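Engineer: Residue numbers (numbering that gives the first Met the number 0), protein chains in the order written: chain A, 0 to 312; chain B, 0 to 89; chain C, 0 to 384.
I should point out that these hints are in silico values taken from the structure, not numbers from a laboratory.
Please read these numbers as outputs of a predicted model, since none were measured by experiment.
Every residue gets a Cβ at the ideal spot worked out from N, C-alpha and C, and that includes glycine.
Some hints could be false.
Said to hold, decoys possible - Quick list of simulated restraints, FRET-style, between CB atoms:
#1 A:183 to C:300: 56 to 66 Å
#2 A:210 to C:380: 19 to 29 Å
#3 C:197 to A:287: 47 to 57 Å
#4 A:96 to C:382: 32 to 42 Å
#5 A:96 to C:210: 48 to 58 Å
#6 B:24 to A:126: 43 to 53 Å
#7 A:284 to C:197: 50 to 60 Å
#8 C:210 to B:24: 16 to 26 Å
#9 B:41 to A:268: 37 to 47 Å
#10 C:232 to A:99: 37 to 47 Å
#11 A:99 to C:0: 43 to 53 Å
#12 C:197 to A:210: 14 to 24 Å
#13 A:126 to C:191: 25 to 35 Å
#14 A:294 to C:191: 56 to 66 Å
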Amino acid sequence: MSQTLVEEAEVVHAPERAEHLIAPGHRACAGCGLLVGARLAADAAGGNVVVTNATGCLEVVTTAFPGSAWRVPWIHSVFGNAAAVASGVKAALRASGRDDIPVIAQAGDGGTADIGMQALSGMLERGDDVLFVLYDNEGYMNTGVQRSGLTPTDAATTTTPAGRLSEGNPHLKKDLLAIVLAHRPVYAATATLAYHKDLQGKMGRAIAARGPRFLHVLVPCPLGWRFKSESTIEVSRLAVLSNLFPLVEYRGGILDKVKRIGAPVPVDDYLRAQDRFKHLFRDERGEVEREFLQSIADENARRLGLPVYRPAA
Amino acid sequence: MTADHGLPAGLVTRPGTSAVYQTAGWRTEIPRFLLAACNGCDRCVAFCPEGIVVRLGKNRYGFDHDYCKGCGICAKECPVDDIVMEVEVR
Amino acid sequence: MRVMEGSEAIAEAVRVAVPKVIAAYPITPQTHVVEDLAKYVADGRLDAEFLTVESEHSAASAVLGASAAGVRTFTATSSQGLLYMSEVVCAIAGMRLPVVMTLANRAISAPLSIWNDHQDSMMLRDSGWVQIFAQTAQEAHDLHLVAYRVAEDTRVQLPVMVCVDGFVLTHAFEPVEPLTEADAAALLPPYEPEVRLDPADPMTFGAYAEPSVYTEARYEVHDAMRVAGDVLTEALDAFAARTGRRYDPWFDRYRMEGAEVALIAMGTSAQTAQLVVDDLRAEGVSAGLIALRTFRPFPAERLAEDLATVERLVVLDRSVSLGAGGIVAGEVRAALHAAGAPTRVIGVIAGLGGRDVSRETIRKAFEAEADGWVDLKHELVGSER
Chain A
0 MSQTLVEEAE VVHAPERAEH LIAPGHRACA GCGLLVGARL AADAAGGNVV
50 VTNATGCLEV VTTAFPGSAW RVPWIHSVFG NAAAVASGVK AALRASGRDD
100 IPVIAQAGDG GTADIGMQAL SGMLERGDDV LFVLYDNEGY MNTGVQRSGL
150 TPTDAATTTT PAGRLSEGNP HLKKDLLAIV LAHRPVYAAT ATLAYHKDLQ
200 GKMGRAIAAR GPRFLHVLVP CPLGWRFKSE STIEVSRLAV LSNLFPLVEY
250 RGGILDKVKR IGAPVPVDDY LRAQDRFKHL FRDERGEVER EFLQSIADEN
300 ARRLGLPVYR PAA
Chain B
0 MTADHGLPAG LVTRPGTSAV YQTAGWRTEI PRFLLAACNG CDRCVAFCPE
50 GIVVRLGKNR YGFDHDYCKG CGICAKECPV DDIVMEVEVR
Chain C
0 MRVMEGSEAI AEAVRVAVPK VIAAYPITPQ THVVEDLAKY VADGRLDAEF
50 LTVESEHSAA SAVLGASAAG VRTFTATSSQ GLLYMSEVVC AIAGMRLPVV
100 MTLANRAISA PLSIWNDHQD SMMLRDSGWV QIFAQTAQEA HDLHLVAYRV
150 AEDTRVQLPV MVCVDGFVLT HAFEPVEPLT EADAAALLPP YEPEVRLDPA
200 DPMTFGAYAE PSVYTEARYE VHDAMRVAGD VLTEALDAFA ARTGRRYDPW
250 FDRYRMEGAE VALIAMGTSA QTAQLVVDDL RAEGVSAGLI ALRTFRPFPA
300 ERLAEDLATV ERLVVLDRSV SLGAGGIVAG EVRAALHAAG APTRVIGVIA
350 GLGGRDVSRE TIRKAFEAEA DGWVDLKHEL VGSER
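In isolation and in its complexed conformation, chain A is listed as follows:
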């Protein structure tokens, strides 16, 4: 890292603030993947929306009274109810002649798959006209990196730490997409940051549709996953290239598109990029775990017709 003085003439100071639908001045960590995803999604959805938001990082960093980063109508109340609040908002909009306004419910992995599971299922099952967007950073990050139902196997979190007797999270990452698909939503898809045009395209298609819709966005967290703040996008890229997080699109519960990637990378490349998996590289038990994680990636690839990683002979 060079210790050069900043030469003012070379730094072009932006004369005007870029008008995204999430304003700066929020308190997200430097390099926060969640805010990249949320902003891309918000901009793709446009201003003619109402957003409900669960308690979590996104809500906390953007709405410390009297400052709100949101430039769209937005409501937060409690942790597990983003989907239920959205159902109520949509009903109100319909009842008051504003049915042309889409409603988006947003939550983190906890607010979607754990404490939010019931409300999400209810919204989907009733066929409510709501788009639910999950920002998955694979843990309860806002409260200090605790394990959630979407934390991957073997990830070290503060409630599933690696140790002499532990390889990190002993549980499987809940197959939330399968649960969502069982409700036959009109639209369901996965997306992540590195493929931002794919993310925005999916958001646009989801917003334009009617009925219960779901978008699962993987958002790496430099603090919780333990990587340098500059690597957020790269980590999201590796999640896809390793086949651990394939980018898929479902219409009416049927698989419609799978994003083709180039040559897949070994899961180890993804794991090595984050210190929450560092403990898997110290001994034989770790190696067994890494083989298990590779098998998950391979199974994803086979199921979706994607190239399976083959180590060079």
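Fit chains B and C to the given chain A structure using the hints.
Structural biologist: Chains B and C only, in chain A's frame:
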């Protein structure tokens, strides 16, 4: 205690008001846009968590000094290495 | 005038108030209220969105969202349902949303009980909701319309819980003079909030409060409660002028003139207590009754004023703060103490979990010389505490 604190009922908050808090003080490094090899791909705009990288013209970008947290994503993701992170001396 | 089930009386009042979004989850003994409303919607007698949500937590959440989006809303629950939705109930008050809820008073588990007492609404007495208690089907009907008027008043902007005794009121048949659409139009202005969820004016609802502002935000809810009392008074005046039915905003006084012993009761047992007062008066006992209508905001000063000359006051509690004692009794004692009143207060806990509050029970309460609980044989049993 009185009820007259000028608080909006239910603390309903106006849009975009977070911008009063300038997060520049968070950073230790600051990007330098070299504007030498830039191909106008817009990735720096897309990937900034603060949303403060701006397209200023063809193959020209800048950023808002008041909010940059110095995360380094723009520099890392630039496909032509046209952005470098430097320690900011203030 | 028509004989109708208490639940139907409530549903009929809600129908003419025209909430645009109803969300509820079934729980005994609230069920008939929401079933009746569902039938009105199905028959086109009520133009509302009716959400059959998957839990009480979601019922409260849906009406929270709908209310913030600027429409009139309704929900109903009891007991465990109220507890399950409690965090959202608190959020609704803190967010100053004028939701109206029927609370069909029912006991709290464990042990499980589907029967009537006041423990459920007592559990949420600190939530910031206005709490009013109905004694009859007519009153339950009338108070629901008034509830909307008070809740939505810009000086108040607080949710209102109309408490009705489960089964005893909800499932009993009584004659009711129903309010008409014209009555509702005259008494209840349309709900047009200044701020709502709408892209035309994108506001943020539910920001978090740092220590520098949280106290003030809570104080404003507390103060809005005080204002709610004034607005309730105005509303009931307007109601009386229109219908001829007059309800005191705070409490009914029954034969309190020169009363040496008085009973305070809430809900349907106050009606039974009137009969006991008549019996006692016929026997030469100068007994009187205070039937408390509004529990939140608590009318401390007014009660103290009215009770200053009463020698012995018995508070009939259909709830208990386990480890402390009767809840209404505790609040009455505090009110009298604050006013320096010399009245002796005795707390009687009766009618828990649907145990009948009979004339015999109430008579024993009037005769109580010490705190106690009423057992199955209507005996007053002192508590160890």
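Engineer: Check the following: the C-beta atoms of residue 210 of chain A and residue 380 of chain C are separated by a distance inside 19 to 29 Å.
Structural biologist: violated (60 Å)
Engineer: Range first: 37 to 47 Å. Now tell me if the beta carbons of residue 41 of chain B and residue 268 of chain A are that far apart.
Structural biologist: violated (27 Å)
Engineer: Please test the hint of 56 to 66 Å on the beta carbon pair from residue 294 of chain A and residue 191 of chain C.
Structural biologist: holds (59 Å)
Engineer: Indicate whether the distance between the beta carbons of residue 210 of chain C and residue 24 of chain B respects the range 16 to 26 Å.
Structural biologist: holds (22 Å)
Engineer: Okay, residue 96 of chain A versus residue 382 of chain C on CB: inside 32 to 42 Å?
Structural biologist: violated (58 Å)
Engineer: Taking 43 to 53 Å as the stated bounds, is the beta-carbon spacing between residue 99 of chain A and residue 0 of chain C within them?
Structural biologist: holds (45 Å)
Engineer: Cβ-Cβ distance between residue 197 of chain C and residue 287 of chain A: within 47 to 57 Å?
Structural biologist: holds (55 Å)
Engineer: Lying within 50 to 60 Å: is that true of the beta-carbon distance residue 284 of chain A to residue 197 of chain C?
Structural biologist: Between residue 284 of chain A and residue 197 of chain C, where Cβ atoms are some 56 Å apart, the hint holds.
Engineer: Is it true that the C-beta distance of residue 197 of chain C to residue 210 of chain A lies inside 14 to 24 Å, as the hint says?
Structural biologist: holds (22 Å)
Engineer: How does the Cβ-Cβ distance of residue 24 of chain B and residue 126 of chain A compare with 43 to 53 Å: does it lie in that range?
Structural biologist: Holds - the Cβ-Cβ distance for residue 24 of chain B and residue 126 of chain A, about 48 Å, lies within 43 to 53 Å.
Engineer: Note whether the CB distance of residue 183 of chain A and residue 300 of chain C lies within 56 to 66 Å or breaks it.
Structural biologist: This hint holds: roughly 59 Å between Cβ atoms.
Engineer: Range hint 48 to 58 Å: satisfied by the CB atoms of residue 96 of chain A and residue 210 of chain C?
Structural biologist: violated (42 Å)
In summary, the numbered hints that this structure violates are 2, 4, 5, 9.
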